[in-house]
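Letter by letter, the chains look like this.
Number of protein chains: 4
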Amino acid sequence: MDFTVPAATQEILDRVRAFVADEVMPAEADFLTRGFAACEPRLAELRARVKAAGLWGPQLPRELGGMGLSLLEHGMVSEELGRSPLGHYVFGCPAPDAGNIEVLHGFGTDEQKQRWLEPLARGEIRSCFSMTEPDTPGSNPTELACAAVRDGDDYVIDGRKWFTTAADGAAFAIVMAVTDRDAAPHQRASMIIVPADTPGFERVRNIPIMGDPGEGWFSHSELAYNGCRVPVSNRLGEEGAGFTIAQSRLGPGRIHHCMRWIGICERSFELMCRRAATRPMGPGESLGDKQIIQGWIAEARAKIDAARLMVLQAAWKIDHQGFRAARQNVSLIKFYVADVMMEVVDRAIQVHGALGITSDTVLAHYYAHERGARIYDGPDEVHKVSVARRILRSYA
Amino acid sequence: MDFTVPAATQEILDRVRAFVADEVMPAEADFLTRGFAACEPRLAELRARVKAAGLWGPQLPRELGGMGLSLLEHGMVSEELGRSPLGHYVFGCPAPDAGNIEVLHGFGTDEQKQRWLEPLARGEIRSCFSMTEPDTPGSNPTELACAAVRDGDDYVIDGRKWFTTAADGAAFAIVMAVTDRDAAPHQRASMIIVPADTPGFERVRNIPIMGDPGEGWFSHSELAYNGCRVPVSNRLGEEGAGFTIAQSRLGPGRIHHCMRWIGICERSFELMCRRAATRPMGPGESLGDKQIIQGWIAEARAKIDAARLMVLQAAWKIDHQGFRAARQNVSLIKFYVADVMMEVVDRAIQVHGALGITSDTVLAHYYAHERGARIYDGPDEVHKVSVARRILRSYA
Amino acid sequence: MDFTVPAATQEILDRVRAFVADEVMPAEADFLTRGFAACEPRLAELRARVKAAGLWGPQLPRELGGMGLSLLEHGMVSEELGRSPLGHYVFGCPAPDAGNIEVLHGFGTDEQKQRWLEPLARGEIRSCFSMTEPDTPGSNPTELACAAVRDGDDYVIDGRKWFTTAADGAAFAIVMAVTDRDAAPHQRASMIIVPADTPGFERVRNIPIMGDPGEGWFSHSELAYNGCRVPVSNRLGEEGAGFTIAQSRLGPGRIHHCMRWIGICERSFELMCRRAATRPMGPGESLGDKQIIQGWIAEARAKIDAARLMVLQAAWKIDHQGFRAARQNVSLIKFYVADVMMEVVDRAIQVHGALGITSDTVLAHYYAHERGARIYDGPDEVHKVSVARRILRSYA
Amino acid sequence: MDFTVPAATQEILDRVRAFVADEVMPAEADFLTRGFAACEPRLAELRARVKAAGLWGPQLPRELGGMGLSLLEHGMVSEELGRSPLGHYVFGCPAPDAGNIEVLHGFGTDEQKQRWLEPLARGEIRSCFSMTEPDTPGSNPTELACAAVRDGDDYVIDGRKWFTTAADGAAFAIVMAVTDRDAAPHQRASMIIVPADTPGFERVRNIPIMGDPGEGWFSHSELAYNGCRVPVSNRLGEEGAGFTIAQSRLGPGRIHHCMRWIGICERSFELMCRRAATRPMGPGESLGDKQIIQGWIAEARAKIDAARLMVLQAAWKIDHQGFRAARQNVSLIKFYVADVMMEVVDRAIQVHGALGITSDTVLAHYYAHERGARIYDGPDEVHKVSVARRILRSYA
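Chains as they are written, first to last, in the working numbering: chain A, 4 to 399; chain B, 4 to 399; chain C, 4 to 399; chain D, 4 to 399.
The following block holds chain A by itself, in its conformation from the complex (with noise of 0.2 Å):
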């Protein structure tokens, strides 16, 4: 056992959170106040720094331009590109492209890697990945409405998504879409890229997420696939594979997310301690002074402390053991992480008083925008009740 992180990767970290810091922090501002779209160039031209510096996708393979890191070392560095909402977009692994690139990745043709994957891995275009609908239950897959109907060599596609992250804009999705509704539940669907200039293919709105709609990269759609015809080669892996496909998909996945709310939690934690440390309440004393403060700052050090060893655990245990060996630890962070970080935000909101719920912070932002993160993905609840049931077969 040992905790040590070597010093090839801190090195790394080192150069990501100072550029985190001091490029990618100081656009935030328009992002907050003017939307995504007001701060795409100067986004665009971070990216290229980035790729210059050789930082571009620390989780891309190498042969894809990226670092090929491990998925400890890329958590490690999504806890860095955490600190800012758009930390992961100016370093080429942003939700939902990332996934779609492991995807991609994985089942892809070579026709398929070479028309999308490729331009995706160099952040040339946008992807999203249409999963979640209106009517069906989230939390149990199969149970989709979403047809893709075979005819001749084309799949017609008909069905209503939401939730639909990044599809403003992105040159294609990838469907989950049920190709055989009488199979065994979990081969009843497949996933299809559908190019976004696809006859049928509607977005229908962005959806409000608390009152904001978002644009472009950063925002949730409604999506409506009227009759949309695609050639069968769209498909990824073979016919009912679709939640293989989706399941090796969430592992790594949630992982990236989960350390993605540690540099959250470390972010808001400073920003915390910072206004405690500043804020004059009287003659010599700070905020940071009063008692109620310190407990706060106290108990969020110990549980982001304990969120992110479990994180770290997790990767690790993935890394060298499979997926399948910490699929326990994996659902366990993602509701204990979840929950670390909406305390941790609210807190630091409270120790900034009125500013705190202003978008003069990026607290509000991760207050407003980060409360889906026990909701997406398999809601907390279900989690739990999934680890329970695993732990207590092997009691009864």
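Hints are computed from structural coordinates only; laboratory data are not their basis.
Keep in mind it's a predicted model, so treat the numbers as computed, not measured.
C-beta atoms are modelled at their ideal positions from N, C-alpha and C, and glycine is treated no differently.
There could be a bad hint or two in this list.
Chain C side only, calculated, beta carbon under 8 Å to chain D, not exhaustive [stated by the list, open to error]:
#, residue
1, T135
2, P140
3, M284
4, I352
5, S362
6, R377
7, I378
8, E384
Dock chains B, C and D against the given chain A, drawing on the hints supplied.
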């Protein structure tokens, strides 16, 4: 001791509840997705109907065209109105006008009443109350920076305020400004009426709250007073009476807030229960059959009941024994009810899953825009410390 | 709606509070360190003085020598008594006698009343109530194993019970036993009086609660009924009426418990405040100057007030509308008040530091011996589920 | 970074776990119901078998007959031992002997080592550590009242101590006494060995903890030092070195405590799961099928994992970077792990229903006797404040 609601009061409550459900709630979708301005005409119509129904201004004295209810009665009405974010506006008792009306009614000269109070009470103009400053601690109003300097028969006001609710479109502000920095701490400031068309009165921006700057009545502005010159006759009460007046404004104001929060709790509770009861979770089962959800519902019910009784008792105490006697009660409900509200809203969101964070229900609005409840009018922590100190005095 | 306590009631409360503080509390140290038996003679003396003062049996009908208070009034007295673990015993209304008195009063024959009720009401004998079993779920009393088989004019009772409070030294038990296993679930059992000297009535042990087996009135026994033969005339009410009677016993019993818990809260709160106010923490500073402690005090005050109002409302509702109307209230207070109590006791202990876990204050006694509050009469979770189901029915 | 447990360590852990489960746990029932003295002979036998198995004194240096494990390794062993309240005693590393052994080993003279350390390390005698006083704040040891006055070649010690663990039957105490009240605060006190047969050494009482005074090793005494005269050669280290030595004792001591607490968590977790999995709740259903219970199990699992990783990291840090570097970690685990432990124990009790509060499982023992964990060695709040202040310094 008697927990009966008198029949006459109950009849008013029933009528208010029906109007809110049938007329006000249907206007919410527009408000949530298109903003306040877009639904203002419709709300104007509803206001006319409320007046026609004799339900205008529940807390307003009869001579100002209101219903003249006691604080306890208005508290119960306020709960009903709080079931919609638009309720208080439609019934002529929105913050900050309701507070300003009290102040003008209690401390205004005849001329001030005629010019400002009467149209305000009729809902023909709007007003704002300008006290909080960005750079001085909101919890200690004796340290205000904004100053009104006497110059002949005028005051010249310079300073910066923020979180001035509903300044956007207000006809006038009541501003709290230091008139004698050398006076005893609680006699330093005065309240002065500043018409919005006074030269130097500048609305710097509507502050984005959780990303949403709002507009019109539904907004919180940052204001600059750049040498605003107003006649001394615009002062409310004696010079130096600012805190005394502010204090008188706070007591009933907190009851109004707390009962509005109870209304938010009840609305969120209903949404949670309806969703739980109707969301299918597999054959013959609904989300409400899940024990974790059942636990939340029971806990929410207990806490809302508890919160409601505490607020009613505080209102009753103010009605019968005056605000001084109820000070501890008012501090207790300030933090207890805000906390219950945020927890109930949060759980209602969780029960709705992804839907809960969208603007397709009112929950996301509450989550984002009521977070401030734990901060404004004194953060939770300030109230806790002040209650505890008062209690501990009797044990020393 | 009126929160006034009538003057006559207040006068009773004041007298009770004074007696508890001046006479009962000084007897606690003996009880806590030497046990119940050691202080029984002193308590007998105090009982005599309570009778002389006309304060005996606040809940007892006047014809039984009590004060004949309403449930609401007795609730308030019960709070005062609950300030000492010995209060209810000294004032003639301890569990389980109080409940047994109600049952005998409501369902007993004249002969039963003469033989058992009268000496019990006078405090000359003690009794116990024997329902819970070690191997059948306490939350579902229709599954009892203990059976009473009819044999001529007798019942022969066989079974095992535990958590039979105060069996050690009781003159008789009221036992719940199945008289017809084939009847409808709620008509299977009957209540039968079993004198303690009945052959086959065996007190197996006093169950150690948190390591302390207690003794006499202050104990919970495991009992064996080994072919106990009693005349059929010892049955209370009709055969099969056991559950109906038990139900009638539960409603007021829960109010008594809950108000006793409020008394425990108030006592613990006072101890916490006194310790905080008087424990020096360096020059000129006391523990109560620490903000974390202040936060606890304020939160405790809010929750105790909340809990108290909820219980009073439930008592009032039973008095005026009957137990059926108050069922939801009673379930809500059962878990809410128990939870508040345990939290307040825990924090009071923490404020006392090492002293808090010793028997030098009453807090450790509450911590250990009231933990069961969240379990007996239905665990928290059973009440939560039952409340939620009832609520959800109206939304389906 | 590597989370692997080396095979050799794992083998030790497996052997220890098996011995605890097969030999130590069966001795618990006697301990819980009849007390420590009653099971001492059986424990002596087990100690002999532990020695024979080469598992005695996992933390003891090899030259003292122990296993010489690192702090990290002993931490993991300590978790296994903590699964029974008797584990550490049986394996030769119980508090307070373990700490006294460290102190004697590090600071004792050859003569002191021969006379006290050697038989102590072999488990032939017991000892106690006498620092906390009833009337001076435990969190500030510089304010001790107990004094050792130099008189020729002797010290004469007067003072009162309490919570001196295991004084009942100890051969000697190491007492912390002021030797120079005018010295700098951290140089005022010295540690002095006082044999239990010294005239004036009085064990006033075993303090009842939650009603249970305990006995022998399992007790906490109040002691009076009434003019106890001991030779100056009984002093450990330099005069005035008391705090320095105490500090050195605290660091590893907290790791031992925390890992013992993790053991308690794991034991309680297992009991909770087993009960949930096997308690029938109606046809074909067990308690573990209830979602609320499942939620508790998942949350407990997450928190225990989190707590465990934090303690292991702290132990590793002390092993590799020294105690100074790990100070923040040690403060964090002190309150975080204690809190997790009490929550897990509480929930395990709730899952057991009435059984949980009896002495029929070990849970009630933990509930009562580990509550002190949040108080001794510095209450939670003291650690939180101290962590926060250290953190805030870097933000000022």
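Hint by hint, here is what the structure shows:
1. Taking 8 Å as the C-beta cut-off, the interface hint given for T135/C holds, the closest approach to chain D being about 7 Å.
2. A distance limit of 8 Å between C-beta atoms decides the matter here; for P140/C the minimum to chain D is near 6 Å, and the interface restraint holds.
3. Evaluation of the M284/C hint against chain D yields a held restraint, the C-beta minimum of about 7 Å falling below 8 Å.
4. Using the Cβ-Cβ criterion of 8 Å, the hint placing I352/C at the interface with chain D is satisfied: the shortest such distance is roughly 7 Å.
5. Annotation: interface hint on S362/C holds; nearest CB of chain D at approximately 4 Å, less than 8 Å.
6. Proximity of R377/C to chain D holds as hinted, the smallest CB-CB distance being about 6 Å (cut-off 8 Å).
7. Interface hint at I378/C: satisfied, since its Cβ lies 6 Å from the closest Cβ of chain D, which is below the 8 Å cut-off.
8. Taking 8 Å as the C-beta contact cut-off toward chain D, the hint placing E384/C at the interface holds, the least distance being around 5 Å.
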